[in-house]
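Undergrad: If you read the protein sequences in the order shown, they are chains V and L. Residue 204 in the numbering used here sits at position 95 of the first sequence, with consecutive numbering throughout. Residue 167 in the numbering used here sits at position 108 of the second sequence, with consecutive numbering throughout.
In case anyone wonders, no lab produced these hints; they're calculated from the structure. Treat the hints loosely; a few may be bogus.
Claimed, not checked - Incomplete in silico selection of chain L near chain V, CB under 10 Å: (1) Val126; (2) Gly134; (3) Leu182; (4) Leu240; (5) Ile251; (6) Thr253; (7) Arg255; (8) Glu258.
If you're wondering where the values come from, they're calculated on a predicted model, not measured in any experiment. We treat Cβ as the ideally placed atom computed from N, Cα and C, and that holds for glycine.
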Amino acid sequence: MSPFVRKKVIDRAVTVACVLATLVALVPLVSVLAYVTAQGAAGLSATFFTGLPKPVGEPGGGMANAIVGSLVVVGIACAIGIPLGVAAGVYVSELGGGRFAKLVRFAADVLGGVPSIVVGIFVYALVVVRTKHFSAWAGGLALAVIMLPTIVRTTEELLRLVPASLREAALALGVPRWKTTIFVVLRTAAPGIATGVMLAVARVAGETAPLLFTAFNNRFWAESLGDPTATLPVQIFTYSVSPYDDWQRQAWAGALTLVVLVLVLNLVAKIVIQRRVRSR
Amino acid sequence: MTSVPPSAPEPRPEKMRVESLRAYFGDALALKGISMSVPERCVTAIIGPSGCGKSTFIRCLNRMHEVTPGARAEGAVFLDGKNILGDDVDPVDVRRRVGMVFQKPNPFPTMSIRENVLAGLTLNGIRPPDPARLVEESLRQAALWDEVKDSLDRTGTSLSGGQQQRLCIARCLALEPEVILMDEPCSALDPIATARIEELIHELRERFAILIVTHSMQQAARVSDFTAFFYMGELVEHGTADVIFTKPTSSRTEDYITGRFG
Ligand SMILES: Nc1ncnc2c1ncn2[C@@H]1O[C@H](COP(=O)(O)OP(=O)(O)OP(=O)(O)O)[C@@H](O)[C@H]1O
Ligand SMILES: [Mg+2]
């Protein structure tokens, strides 16, 4: 075999290997999606989206309160976690070169490795025990704590990718440091940070364990953010371990809804970001 | 273009004066006591081998030196008679009066051409009374207007390297600085773009004090009225360009400009 032919053969082999590996990696993703869709579609109906859960034994009913509850709890988590996480990321990357920044980074890494159920127990002890109430607030707080480390580290890493020459360009124009950080550095890194944030949001939207002790569950509409609140993951969990066929069907439908919800959130965020970037 | 520009015919008033300027990176001394004066409406070229402190020197003149962590400067730099290294001076004000063009063009990638030109104002919350005119004037002065007037909404980074550099010059001019510092502004450009920037420097010279760092002897000879030769953090020789390039007093200068070292 001439060296040239050999090179070509190796090139082919590597390409084929990569394609195969990609296909194998896609198998779980596709099969999960397909299975959830197949199982969940049967349970979908108008009442599934509009109705409240029925008591044990009565068929029908829906997950309207859990769908809204999930949106509310994740919304609270975003409202707390995103600003805090981005601000901490900016601090670590732009302002703090010293010990404290190292400490923050270390804390973020440790927190990222803490199992989510532990965060749930922590918020339970801190909030639920004190207020004597399971609540959407407590659930949102737990999810915020879980998404915090991802957001801090993503923000930090993406800000580091912004070339120093841009910071210098702004500073040399007589722009104060804080304005440079926000309007030049953060703005340049914004699309990447937004993608990282969306991944963090998508991840916590499916968290179940920490919500068991914080938002808990509710068969009815929660009257306020201070009340126990049904969420999709907890409802799916409750229904899927029950012995009733109807509930199990609804659990699958709930799973499908959750997947679609996360997908739609992601897509919307992507489109919005793309638009904003392209309009410049 | 090839002839040496006439040295300043009448003595120009002094715009900046540097006195025993010492610049540090941590404990390392990069400038070992520089004293020189920068006249109004003249081009002063800084030449010298790599690492001799040219960039450090001009970065001290708009207080960009201290942006580097651990870097500091001692001595005095007077701008219109006021020491801008003083503790009572806000570096932000200095940088608005003393503009800077970097070696590598650095337009803001998130901004359009128009926004890039106005960036120095808008980022500071200043709304120019007539932004469209300011954009046109600045781009005209930077000799870029004709090339971009129909595509002001394109991003600044979609331009060629030479165009980007002129955009950065326009951005600098829009702030109406009094002094312009240029750190090897042509090192990433082809001969045609370089010629345009040199023409530009020639025009800007009518109104500003300009300091330009360059590695090209020809360029220094073409554009500058005064030339300063730096070596190992020291100012070896400073005088009118034709004297430096025809009969330098120091043998080091002579060796450098004739290409015997550096
Ligand atoms: N960020 C930095 N940290 C530490 N030392 C530095 C830093 N920047 C420059 N120096 C040192 O300061 C000295 C002067 O550097 P400077 O960048 O001013 O040289 P220069 O004359 O501009 O060189 P060049 O022609 O290669 O651009 C050099 O010895 C360099 O090693
Ligand atoms: Mg340099």
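Undergrad: Report the numbers of all earlier hints that the structure fails to satisfy, in ascending order.
TA: 2, 5, 6, 7, 8
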